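Asks: Sequence:
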Amino acid sequence: MVKNRTVKTRQILSDMPPYVPGARRPGAIKLSSNENPLGCSPAALEAIRQAATEAHIYPDGTALALKQALAEQAGLTPEEIILGNGSDEVLTLIAAAYINPGDCVLVGAHTFSQYAFAAKLFDGRVETVDMPDLAFDLERIADRLEEPGGRQVRIVFLCSPNNPTGLTISQDDLKRFLERISSQILVVVDHAYLEFQEDPASCDARQYLKDHSNLIVLQTFSKLHGLAALRVGYGLADPGVIEALNRVRSPFNVNSLGQAAAIAALNDQDFIRTSLETNRQGKALMNALFERHKLAHTSSEGNFVTARFPGEARFYANLLAEGGVTVRPLASFGLPQWLRITIGTPEQIATLEALLKPLLTDTPGVPG
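Numbering (UniProt numbering), first residue to last: 1 to 368.
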């Protein structure tokens, strides 16, 4: 008789499907993962080359030089910053430091899956809150926190601009929310796409860090700065929170190449301006494309746009991939008729429209 050689895993893993990243296809235009279509800063590339000459030496485990650069930009101190191997790692550190088995965590119905993943990994109980019109309703969330059982909520995860909709939380709404809820509830605001937002009414949660010690703001070098392959993210919070996160952080968690590239990227204002202008122009082209083809779409403040298609969006994603453009269907976000499309260059957007046009003219086989 053959014995089962598989060692039994934790029970929670049966309810945790692995993360599926945006599709990639050799030679295709990749508009599925919200990356910078211009690449990264030339200064960052040079910093990578120089840092690679010391690849045999462990990185600075405190990432002090990068923390100092970020602190100067944000008006904070290095003690208010933690670096992670991408902001995904910072999410895991938050869960490791603050979630006890059975603690409740609130996440949006249509938002980034890693918030729930991190909570479940540490036996947290995830409660999904509705998102009317695909947006966070902070008043509804605050009401939920005041209901019986609200004290069991340990963390509220918010995302603005939200992935995958690009919609933002207003500054006034966030201010009222933070003032209303208990200071014992941790509020995590994921600002991965903050640099792209242009609506002056949209929130910048960093403004409330000094007044709310229960607030953590997440940011990343993967989007605007084009350093997704190097995995550099960070969290901003009260020094006491940062100290707790450092207790569960692995040593040397951010590599030397990433640290050097991130510092160079922060200082390359020309590349930042060019990237933002490319995104601004591309967003206008994408919105016009959707309007020409009568597709409902969100008013995105990120480096992507999100549109509703007739029938199952995965059908369109598969056909676009066959034509050489990969995009992100959103069934896993609870939006089976929607696609999220990274804002590319004008040439990439023209290719996208050339592929989409015949698919949106009553092509036989299109699911209705």
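Since the hints were made in silico from the structure, they are not lab data.
Be aware that a few hints might be false.
What the hints assert, rightly or not - Derived BS3-like pairs (lysine-lysine); straight-line CA-CA distance at most 30 Å: (1) K357 / K30; (2) K210 / K294; (3) K175 / K210; (4) K8 / K175; (5) K30 / K210; (6) K120 / K175.
Since this is a predicted model, take the numbers as computed values, not measurements.
Asks: Which numbered hints does this structure break?
Replies: Violated hints (numbers, rising): 2, 4, 5; every other hint is consistent with the structure.
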